[in-house]
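Number of protein chains: 4
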Amino acid sequence: MKHTAILLIDCPDRRGLVAAVANFLYQYGANIVHADQHRDSELNLFLMRVEWDLEGFGLSSIEFREKFGLVAEKFQMRWKMEESSKPQRMAIFCSKQDHCLADLLYRHSSGELICEIPLVVSNHEEPSRLAEFYGIPFHYVPVVKGGKVQAERAQLDLLEKYSIDLLVLARYMQIFSSEFISHYPQKIINVHHSFLPAFAGGKPYHQAFERGVKLIGATSHYVTEDLDQGPIIEQDVARVSHRDQLDDLIQKGRDLEKMVLSRAVRWHVEHRILTYAKKTVIFD
Amino acid sequence: MKHTAILLIDCPDRRGLVAAVANFLYQYGANIVHADQHRDSELNLFLMRVEWDLEGFGLSSIEFREKFGLVAEKFQMRWKMEESSKPQRMAIFCSKQDHCLADLLYRHSSGELICEIPLVVSNHEEPSRLAEFYGIPFHYVPVVKGGKVQAERAQLDLLEKYSIDLLVLARYMQIFSSEFISHYPQKIINVHHSFLPAFAGGKPYHQAFERGVKLIGATSHYVTEDLDQGPIIEQDVARVSHRDQLDDLIQKGRDLEKMVLSRAVRWHVEHRILTYAKKTVIFD
Amino acid sequence: MKHTAILLIDCPDRRGLVAAVANFLYQYGANIVHADQHRDSELNLFLMRVEWDLEGFGLSSIEFREKFGLVAEKFQMRWKMEESSKPQRMAIFCSKQDHCLADLLYRHSSGELICEIPLVVSNHEEPSRLAEFYGIPFHYVPVVKGGKVQAERAQLDLLEKYSIDLLVLARYMQIFSSEFISHYPQKIINVHHSFLPAFAGGKPYHQAFERGVKLIGATSHYVTEDLDQGPIIEQDVARVSHRDQLDDLIQKGRDLEKMVLSRAVRWHVEHRILTYAKKTVIFD
Amino acid sequence: MKHTAILLIDCPDRRGLVAAVANFLYQYGANIVHADQHRDSELNLFLMRVEWDLEGFGLSSIEFREKFGLVAEKFQMRWKMEESSKPQRMAIFCSKQDHCLADLLYRHSSGELICEIPLVVSNHEEPSRLAEFYGIPFHYVPVVKGGKVQAERAQLDLLEKYSIDLLVLARYMQIFSSEFISHYPQKIINVHHSFLPAFAGGKPYHQAFERGVKLIGATSHYVTEDLDQGPIIEQDVARVSHRDQLDDLIQKGRDLEKMVLSRAVRWHVEHRILTYAKKTVIFD
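Protein chains in written order, with the working numbering: chain A, 30 to 313; chain B, 30 to 313; chain C, 30 to 313; chain D, 30 to 313.
Hints were generated in silico from the structure; no laboratory data involved. Keep in mind that this is a model prediction, so the values were computed, not measured. Even glycine gets a Cβ: it sits at the ideal position worked out from N, Cα and C. Careful, some of the hints might be misleading.
Simulated restraints, written as ranges between beta carbons of each label pair [unchecked claim]:
1) I143(D) / E71(A): 44 to 54 Å
2) G98(B) / R240(A): 26 to 36 Å
3) A306(C) / S206(B): 36 to 46 Å
4) K190(D) / A306(C): 50 to 60 Å
5) Q258(D) / P147(B): 20 to 30 Å
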């Protein structure tokens with residue numbers, strides 16, 4: 030497995046930024062593997078992702094944080110440095126609709142998603158079979174009427190106990206409280222089964238069928254307090270026609286959901302996403 | 030040029046419909062070129078398009094209408110019969126944004142759109158050059174503040190004078206009154222520069238840019254009283270990323286607009302569209 | 030589960046074909062659910078698929094074959110009638126690359142593919158786990174050097190024993206002999222990991238990477254004696270850029286392979302495919 | 030109009046490259062607008078495009094070439110520096126099929142393609158009307174049997190006389206000699222009406238129709254001595270079905286050709302393309 034470091038930066042744009050970062054890394058012998066920058070001229074923002082080989086790099090993780098902190102301060106950077114050898118710890122939440130769960134677990138087992146999955150959580154018992162097959166601990170957390178606060182408490186305990194970095198809602202049909210969400214800012218990824226902002230809210234395929242659209246879509250996004258309004262990570266669409274009944278839309282949609290959710294998860298665990306102004310930058 | 034007849038039917042679904050139509054046509058020697066049916070099981074509707082060669086067909090247009098009327102009555106059909114040798118007469122309305130106009134006129138001149146274009150109408154004078162190049166009469170109908178009623182009167186006069194069958198709004202930025210629209214039910218095609226129902230209303234590319242979507246779209250639809258709510262004919266999308274600024278969205282969108290509008294126009298003039306329940310069936 | 034009959038026809042085109050079929054079905058009280066026709070004017074061919082509800086239909090399967098045989102003879106039809114209540118029996122062959130296997134088994138278990146899967150066959154032992162999880166009998170048939178004839182014999186025995194109608198090669202990497210293929214004409218579906226006819230043969234992703242294409246593809250097709258030359262059922266593509274290395278192509282390609290293979294299988298088991306002149310007609 | 034400089038670099042990859050370039054630009058006060066790098070780890074190549082605002086930049090074009098030359102030498106760079114205020118001079122060659130010509134001229138006139146078009150050349154007289162409408166000088170250079178050498182001589186004279194930087198073959202159906210091509214290395218862009226490498230050579234839509242593919246494509250590429258083998262710049266595809274006859278393929282293909290050719294031209298005139306190892310890198 031490769032052993033690299035990834036640095037993500039956003040800050041006000043100004044001259045000399047790239048030079049400052051490149052010099053810092055060069056100074057300590059970094060062999061840059063990928064580098065990508067983005068400037069938002071309207072908001073005067075600079076965003077950067079740089080990945081380098083840690084072999085032969087002259088700074089330990091602690092030293093890097095200390096020394097690069099000085100550069101960062103000078104340029105008012107928000108930044109984080111991650112190491113590819115310390116994979117993200119991801120929890121998957123799902124309901125009875127388990128196609129996204131099956132897809133994510135397969136991709137993980139085949140090495141496509143480099144992360145750890147310490148737990149699968151569901152308010153249904155059925156997904157336990159899939160989790161078990163892939164060797165992932167399963168936790169059944171029922172959500173009874175009036176029991177949401179209690180369920181979220183149990184879920185948060187699990188997330189904390191297992192040191193979860195990323196929470197993926199793989200067609201988990203419950204809506205979280207703002208309180209819950211506040212614990213995982215930009216760390217909860219949801220898949221919505223429509224081309225947002227069209228057909229937000231419930232039963233999007235029914236809405237799409239009713240409206241007679243010629244393409245259906247799916248959207249993966251970070252979860253914020255505002256339902257279906259968080260920063261969009263990925264979207265995709267499929268063509269439908271009058272020959273497609275509601276069931277056909279739902280079936281075609283499942284493939285879209287799997288695609289947009291798995292891409293979002295991969296980009297997140299590879300530290301390829303920065304968010305700003307309710308949008309995402311994907312450093313692919 | 031081929032000389033065919035096209036029959037479009039919709040009616041309550043029941044047994045024997047296809048047999049009745051097929052027998053009728055066979056009885057008079059029709060050589061069917063294309064036939065397509067659709068059933069909406071939820072609404073119990075039957076929709077059909079059939080096209081046959083008029084060479085060797087035993088009924089004149091008048092006779093057909095008389096005799097087929099009896100079949101139609103029995104099955105409570107809404108129906109119309111059109112002949113390919115009598116091309117639709119299309120008027121194009123546009124504003125200063127003339128990319129859709131240029132596209133439609135080129136397609137017409139190259140034989141891709143089989144129809145007549147007796148006039149181009151605009152509230153700007155600039156498009157006259159393009160119209161002139163392609164040999165299409167141009168009419169400048171300004172829309173001054175408070176003068177919409179008067180402008181629409183002049184436009185309706187033109188449409189009537191030139192016996193227009195189809196009105197295409199090729200990025201014409203004025204909103205028509207209900208009164209105007211009522212003269213051309215299912216006969217006005219508009220292109221909206223978003224993936225409807227997302228970003229209806231004004232400045233859709235600005236809305237899309239603001240929201241941070243990963244795909245932009247365009248939609249062609251029939252115009253009804255409800256703005257941007259008419260039956261959708263065609264939609265398409267293009268991928269965008271954080272690298273695309275507002276101008277890039279607008280530029281990529283222009284290509285989408287041309288595609289979805291020209292396809293809608295072609296299907297309409299080839300009598301391939303039936304509308305029901307706020308949706309379209311495209312017999313392609 | 031719906032209980033319908035499907036009739037697939039191809040024959041020389043002539044007047045009265047639709048009327049003859051529609052009358053026949055109407056006569057015995059068929060309630061047509063779907064009907065679709067295609068004419069190839071160049072080859073003067075007529076192809077048709079019609080599906081009707083068997084509830085209230087006046088003929089048994091045996092009676093239908095007898096009576097419709099007379100109509101068929103008159104029009105020189107090649108035809109077959111299938112009943113949706115008698116699902117196809119499908120065998121899946123795979124190698125160590127098991128993403129298509131996992132995909133097909135999941136789709137089957139979730140009710141998306143209406144067929145029976147009596148066996149999974151592989152020349153590797155690893156896929157047994159997946160098969161077992163989904164409750165499908167697994168057969169390990171090794172193919173040793175010089176032992177192809179023997180392996181094919183064992184495979185044919187299995188296919189016969191389990192009365193297999195359809196053989197799906199889900200990234201099965203062995204090439205079958207003509208003798209083997211001749212037992213299952215138009216009944217073996219393969220997925221090739223390129224946009225055929227580009228990059229036929231071995232290592233298509235390597236070829237694509239080498240050539241610097243901007244889109245990669247996958248193709249599902251019926252297997253014939255000519256390697257990678259059989260009638261194409263479905264194709265799809267995904268965009269790649271210079272940022273994508275060979276591994277990225279392979280990973281993106283896996284999703285394409287799953288899509289084009291699962292669609293082909295679904296269309297086949299729903300009796301939606303007719304082949305003629307080295308091509309397929311998909312009645313979707 | 031913006032006034033920027035673009036620097037394109039490729040060289041063997043080694044540590045310190047980004048730092049060296051960034052420092053050089055920072056030293057003279059460059060305000061970087063875009064920067065993008067690519068590493069090909071297999072070939073150990075580093076490729077870079079950087080664009081900066083010339084307002085406030087401390088070096089003239091001549092000074093830049095002199096001083097940056099020292100940096101370039103140290104790192105064995107192949108490089109070029111272009112200024113956005115000195116637009117490329119593009120010649121368009123076409124035949125009777127004028128849809129790509131019409132498309133390029135419209136895009137140029139609407140400001141989408143920032144370049145100069147001093148001449149349109151054709152072996153047919155018909156395109157002169159379009160050229161005239163858009164105010165572009167037209168040159169009729171017939172290619173009679175056995176007269177190719179003479180025609181190419183006339184064409185080269187025109188290209189030289191008008192100081193042409195880029196030659197675009199907008200469905201120009203003549204094949205150039207190696208001698209001709211050698212004058213414009215990586216400076217001739219062609220559009221081929223298939224998804225290369227599938228259906229290279231003549232009549233690609235006929236080949237595609239015959240083969241029964243489910244997607245048709247178009248490819249824009251640099252012209253090299255090897256017919257249809259030059260580095261691919263852009264490709265796109267459209268779905269077709271058995272309902273599409275050869276004419277439909279040709280018509281759908283025209284839209285693809287316009288898209289892939291116009292994108293290639295835009296990227297070229299904006300200095301976004303680097304070629305290496307028979308491939309292109311598109312810095313978008």
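Hints and how they fare:
A hinted range of 44 to 54 Å for the beta carbons of I143(D) and E71(A) is inconsistent with their spacing of about 21 Å. Between G98(B) and R240(A) the Cβ separation comes to about 35 Å, which falls inside the hinted range of 26 to 36 Å. Taken as a hint, the range 36 to 46 Å is violated for the pair A306(C) and S206(B), whose Cβ atoms sit roughly 55 Å apart. For K190(D) and A306(C), the hinted distance range of 50 to 60 Å is satisfied, since their beta carbons lie about 52 Å from each other.
For Q258(D) and P147(B), the hinted distance range of 20 to 30 Å is not satisfied, since their beta carbons lie about 49 Å from each other.
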